[in-house]
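2 protein chains.
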Amino acid sequence: MYTISPKLSGERFQVTYRFTSTKQEAEQKAMDACLEQTVEFPADLLPPGDIPDFIVGQVESFSSSSDSTHLVTLSYPVENAGFDLVQLLNMIFGNSSIKPGVRVEKLDLPQSILGQFKGPRFGQNGLRERLDAPIRPMLCSAIKPMGMSPKDLANQAYQFALGGIDIIKDDHGLADQVFSPFEERVALCAEAVAKANAQTGYKSIYMPSLGARADQIQEKAHYAKQNGAGGFLVPPGLVGFDMMRLLAEDDTLALPIMAHPAFIGSFVTSPDNGVSHYALFGQITRLSGADATVFPNWGGRFSFSKEECISIMEGAEVSMGHIKPIFPTPGGGMTIDRIPEMLEVYGRDLIFLMGGGLHRIKPTLVESSQYFRDLVEKM
Amino acid sequence: MYTISPKLSGERFQVTYRFTSTKQEAEQKAMDACLEQTVEFPADLLPPGDIPDFIVGQVESFSSSSDSTHLVTLSYPVENAGFDLVQLLNMIFGNSSIKPGVRVEKLDLPQSILGQFKGPRFGQNGLRERLDAPIRPMLCSAIKPMGMSPKDLANQAYQFALGGIDIIKDDHGLADQVFSPFEERVALCAEAVAKANAQTGYKSIYMPSLGARADQIQEKAHYAKQNGAGGFLVPPGLVGFDMMRLLAEDDTLALPIMAHPAFIGSFVTSPDNGVSHYALFGQITRLSGADATVFPNWGGRFSFSKEECISIMEGAEVSMGHIKPIFPTPGGGMTIDRIPEMLEVYGRDLIFLMGGGLHRIKPTLVESSQYFRDLVEKM
Numbered sequence: 001m002y003t004i005s006p007k008l009s010g011e012r013f014q015v016t017y018r019f020t021s022t023k024q025e026a027e028q029k030a031m032d033a034c035l036e037q038t039v040e041f042p043a044d045l046l047p048p049g050d051i052p053d054f055i056v057g058q059v060e061s062f063s064s065s066s067d068s069t070h071l072v073t074l075s076y077p078v079e080n081a082g083f084d085l086v087q088l089l090n091m092i093f094g095n096s097s098i099k100p101g102v103r104v105e106k107l108d109l110p111q112s113i114l115g116q117f118k119g120p121r122f123g124q125n126g127l128r129e130r131l132d133a134p135i136r137p138m139l140c141s142a143i144k145p146m147g148m149s150p151k152d153l154a155n156q157a158y159q160f161a162l163g164g165i166d167i168i169k170d171d172h173g174l175a176d177q178v179f180s181p182f183e184e185r186v187a188l189c190a191e192a193v194a195k196a197n198a199q200t201g202y203k204s205i206y207m208p209s210l211g212a213r214a215d216q217i218q219e220k221a222h223y224a225k226q227n228g229a230g231g232f233l234v235p236p237g238l239v240g241f242d243m244m245r246l247l248a249e250d251d252t253l254a255l256p257i258m259a260h261p262a263f264i265g266s267f268v269t270s271p272d273n274g275v276s277h278y279a280l281f282g283q284i285t286r287l288s289g290a291d292a293t294v295f296p297n298w299g300g301r302f303s304f305s306k307e308e309c310i311s312i313m314e315g316a317e318v319s320m321g322h323i324k325p326i327f328p329t330p331g332g333g334m335t336i337d338r339i340p341e342m343l344e345v346y347g348r349d350l351i352f353l354m355g356g357g358l359h360r361i362k363p364t365l366v367e368s369s370q371y372f373r374d375l376v377e378k379m
Numbered sequence: 001m002y003t004i005s006p007k008l009s010g011e012r013f014q015v016t017y018r019f020t021s022t023k024q025e026a027e028q029k030a031m032d033a034c035l036e037q038t039v040e041f042p043a044d045l046l047p048p049g050d051i052p053d054f055i056v057g058q059v060e061s062f063s064s065s066s067d068s069t070h071l072v073t074l075s076y077p078v079e080n081a082g083f084d085l086v087q088l089l090n091m092i093f094g095n096s097s098i099k100p101g102v103r104v105e106k107l108d109l110p111q112s113i114l115g116q117f118k119g120p121r122f123g124q125n126g127l128r129e130r131l132d133a134p135i136r137p138m139l140c141s142a143i144k145p146m147g148m149s150p151k152d153l154a155n156q157a158y159q160f161a162l163g164g165i166d167i168i169k170d171d172h173g174l175a176d177q178v179f180s181p182f183e184e185r186v187a188l189c190a191e192a193v194a195k196a197n198a199q200t201g202y203k204s205i206y207m208p209s210l211g212a213r214a215d216q217i218q219e220k221a222h223y224a225k226q227n228g229a230g231g232f233l234v235p236p237g238l239v240g241f242d243m244m245r246l247l248a249e250d251d252t253l254a255l256p257i258m259a260h261p262a263f264i265g266s267f268v269t270s271p272d273n274g275v276s277h278y279a280l281f282g283q284i285t286r287l288s289g290a291d292a293t294v295f296p297n298w299g300g301r302f303s304f305s306k307e308e309c310i311s312i313m314e315g316a317e318v319s320m321g322h323i324k325p326i327f328p329t330p331g332g333g334m335t336i337d338r339i340p341e342m343l344e345v346y347g348r349d350l351i352f353l354m355g356g357g358l359h360r361i362k363p364t365l366v367e368s369s370q371y372f373r374d375l376v377e378k379m
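Residue numbers (our numbering), protein chains in the order written: chain A, 1 to 379; chain B, 1 to 379.
Hints were generated in silico from the structure; no laboratory data involved.
Any given hint might turn out to be false.
[Said to hold, decoys possible] PhoX-like cross-link-like pairs, simulated, lysine-lysine; straight-line CA separation at most 20 angstroms: (1) B:362 with B:378; (2) A:195 with A:225; (3) A:151 with A:99; (4) A:23 with A:7; (5) B:151 with B:118; (6) A:23 with A:99; (7) B:151 with A:99; (8) B:7 with A:151; (9) A:7 with B:378.
[Said to hold, decoys possible] What follows is a list of derived Cβ distance ranges for each label pair: (10) A:135 with B:222: 27 to 33 angstroms; (11) B:322 with A:135: 46 to 52 angstroms; (12) A:42 with B:105: 34 to 40 angstroms; (13) B:58 with A:116: 45 to 51 angstroms; (14) A:226 with B:219: 23 to 29 angstroms; (15) A:1 with B:371: 46 to 52 angstroms; (16) B:272 with A:67: 22 to 28 angstroms; (17) B:337 with A:108: 40 to 46 angstroms; (18) B:319 with A:198: 52 to 58 angstroms; (19) A:1 with B:343: 51 to 57 angstroms; (20) B:252 with A:3: 39 to 45 angstroms.
[What the hints assert, rightly or not] Covered stretches of chain B (in silico footprint by chain A; criterion: 3 or more residues with CB under 8 angstroms from a CB of chain A, positions within the stretch not fixed): (21) 170-176; (22) 237-243; (23) 271-278; (24) 346-354.
If you're wondering where the values come from, they're calculated on a predicted model, not measured in any experiment.
We treat Cβ as the ideally placed atom computed from N, Cα and C, and that holds for glycine.
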C-alpha cells in the first residue's frame, strides 16, 4: 500500500463542471476527469493506497439538467493545488481545457485554500472609500484612441476628471508605443487628473494599463505609482492571473486593480467549453486580486447575454470567506440611455464603463462627463 | 489633421482571421475588427489624419471558402505592437477574443517584429545536438502519478534514463506539493538522470515543471539549473506566454523549453472561436521561445484531428525569419503501436511523448523504455 495520508489534511476543494453529452458519456467523462485532472494515469496502474483513495478526483454529485447537459461536482484534495494560484488553476482545468464539451461552472474553495490568498486589497468598500463614493455607482472611461500623443491623452484625462469621472483608465490597447511611450503618458495623465482633482475636490484616479513584458510589469507599476497613478488596469489573459495576484498583494504598490478581459474571451465564446462567466470574470478574477472586473455588457457591441452578465455580478459578490466582493464593470459600447436598465439589473454596486459613447453626449468631454455624473447621482 | 506618421515606419504585420457568418456579416465584422483591435473608437469620432489612415486595421484580403466561412487578412502597423509579446498578442486577438465566430488562423510577421524576439534558443537542431540525436525522433516520458514521493519519482526518472528516454519531464500536475516538494524532487530527479547517463553514455535530460507563482518561476528555474535539470516544462496558458519568452531568452538559464498546453485548450476546443492549432501551438508557442510544443495526438484520449495535428507541425516549422523551427511533441494517450503511423505523418523531426502507455510494455520501466527506444531507432 502506497501511503501519503499523513501529509494530507483530508480537506478537499470542489469544482462543478458542465458536461455536454449523453448521460452515459457524461458519467464516463466525469470518471476520466478525476484521473485527467490529477494523476494522468490509467486507474489500473496506480499503486494501491492513498493515491487512488485521496489524490484522484472524486465525483461528489451528478445531476442532469437535460438529456445533454449534466452538472458534475468533482473534489480534489487541497494539497494537490500546492499553495499556488497557478497550480490551483491547473487542478481546476489544466488538461480538461483541451477536451471539448466540458466547462467549469463554479468553484467551492475551503478556507484552507482561500486563506492562501489576500484577494482584492480594496474590494467594493475599499474602492468606494478611496473614490469618495459611499453609495452611488461609479463612473469609468478610457483615454483613447490609440495613436494619440501622451499630451492629448492627458488632456482627455483632465477633462474626464474635471467632469467627475471616477476612474480614468488607459484604453487597453495603449502600451509602450512610439506614439505614446508608457512613462511619458503615465506621468502626464496622472498629473492631469491630480490637477483636475485640485480644482473639483473629487478623488478621481488614473489607471494605466500594465499589459507589458513579464520582466517589466512590476517596475512599470512602481513607476506609475511614484508618478501619481491611482490604480492599474491589468489583462490577466495576457499577463497571467498570478501576475495580477502578485500586483494586488504587493504592499509597496497597494493600489486598486481593474481586470480587463483582453485575449481571454475564448474561454467563454463557446457555451459548451471553457469556463463560465461566473467563474472566470467573477470568482477567478476576484481570487486573483482584482477590485473591479471589466466585461462587455449585454446589448453592446459584444455578445454576452443579460443572464451571463448577471452571473458575473454574482461571481463578483458571492461569499468567498475573507475574499472581498468586487465591482462588476460592464462596458463595451455603453451609452447614456442604458443607465436606468443597468441600475435595475446590477443595483448600485457597479462601475459604469463608457468609452466612445461619452464623446457623443455634449460638445465637450467635460460637459459630457458632468452630464453622465449628474445623471447617475440623481438616480 | 492629426499627424503621427513621422513616428511610423509604414511597415505592417498581418493576421488572418476566419469569420463564421454570412458573407455580408463577415464583411461588417472585418471592418469592426479593424477598429476593435486598435482604436476601439467609432470611426466617425476619430480625428482625421494618420490615426484612421495608419493606426486602424486595414483589410488586406477577403475570401470565402464557403457561404459561412470567410478568411480575412487584416494588417496593423508594427508600432501598434509596442516591441512587446504581450501587446503583440493583444493586437492580434485582444478584444476580438470576446466575439464569437472569429478565429485567428495565422500570423505573418515582418522582420521588424520577429527581430524583437530571440525565439527558441535551441530549436530542432540545437535540441538534437544537446540530446545527441542527430537524425532519429526523440523520446519523452513523464514521471507520475501525482502523489508519489520525490524518491519514487526519481527512481522512475532513473529507469526512464537507463532505458534511453531522451527527455524525462515532470508530469504537468507536479508542482510544489507537500507530497513532492519542488526542490527535493528536482534535485533527486536530476541526480538520478545524471547517474543513469554516467552508466549509459546517453544524454538524457530532466525537465521539471515551472507551473509556479509569477514571483517564483525564475528562482525555481535557477534552482533547477543549479541542481542539474536539463530543461524546463512551461505551461504558457497558466503562466503567460511572455513568462515563457523570458525564461527562453535568459542567458543565465540557457536550457531547452517544452511548452505544455494546460489550461489553454479552450482556445481551440470550439472550431469557430479562439486561435487555430497552427497559430497557437505552432507560431505563438514558437515565438514565445519553446523548443518543443506538447499537444494531444489524434486518436488518443483527446479530440484533436489528424489534420489539426499536422497543422501544429506546420506552424512549428514554417519559415519565420531567424525564429527556429521547433519539435512537435504529440502525446496524450500514445501507445507503441502508433509509432509507424506517427512517423509517416510527422516525419522524423518529432518527439514522441508516451506517458502511461510506457508502463504497460514490459515488466520494468527500464525494459519498456529500451524497447521503445530500440523500436524508434530501427525505423
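Here is how each hint holds up against the structure:
1. B:362 with B:378: 18 angstroms, holds
2. A:195 with A:225: Answer holds: residue 195 of chain A to residue 225 of chain A is near 16 angstroms, not above 20 angstroms.
3. A:151 with A:99: Between residue 151 of chain A and residue 99 of chain A the Cα gap is close to 48 angstroms, so the pair fails against 20 angstroms, i.e. violated.
4. A:23 with A:7: 36 angstroms, violated
5. B:151 with B:118: Violated. Residue 151 of chain B to residue 118 of chain B sits at ~37 angstroms, over the 20 angstroms cutoff.
6. A:23 with A:99: 17 angstroms, holds
7. B:151 with A:99: Given that 20 angstroms is the threshold and the Cα spacing comes to 32 angstroms, the pair is violated.
8. B:7 with A:151: 15 angstroms, holds
9. A:7 with B:378: 45 angstroms, violated
10. A:135 with B:222: 27 to 33 angstroms: Check failed, 50 angstroms falls outside 27 to 33 angstroms.
11. B:322 with A:135: 46 to 52 angstroms: 58 angstroms Cβ-Cβ, so the 46 to 52 angstroms window is violated.
12. A:42 with B:105: 34 to 40 angstroms: Given about 36 angstroms between the Cβ atoms, the range holds.
13. B:58 with A:116: 45 to 51 angstroms: Given a distance of about 47 angstroms, which is inside 45 to 51 angstroms, the answer is holds.
14. A:226 with B:219: 23 to 29 angstroms: 26 angstroms, holds
15. A:1 with B:371: 46 to 52 angstroms: Violated, since residue 1 of chain A and residue 371 of chain B (Cβ atoms, about 29 angstroms apart) do not stay within the stated range.
16. B:272 with A:67: 22 to 28 angstroms: Given a distance of about 24 angstroms, which is inside 22 to 28 angstroms, the answer is holds.
17. B:337 with A:108: 40 to 46 angstroms: Taking Cβ atoms as reference, residue 337 of chain B and residue 108 of chain A lie about 42 angstroms apart, which means the hint holds.
18. B:319 with A:198: 52 to 58 angstroms: The hint (52 to 58 angstroms, Cβ to Cβ) holds, given that residue 319 of chain B and residue 198 of chain A are roughly 57 angstroms apart.
19. A:1 with B:343: 51 to 57 angstroms: Taking Cβ atoms as reference, residue 1 of chain A and residue 343 of chain B lie about 41 angstroms apart, which means the hint is violated.
20. B:252 with A:3: 39 to 45 angstroms: 40 angstroms, holds
21. 170-176: holds (count 5)
22. 237-243: It holds: at least three residues are needed, and the segment 237-243 of chain B offers 6 whose Cβ sits within less than 8 angstroms of chain A.
23. 271-278: holds (count 4)
24. 346-354: Contact hint for the segment 346-354 of chain B vs chain A: violated, 0 residues under 8 angstroms.
When held up to the earlier numbered hints, the structure conflicts with 3, 4, 5, 7, 9, 10, 11, 15, 19, 24 and fits the remainder.
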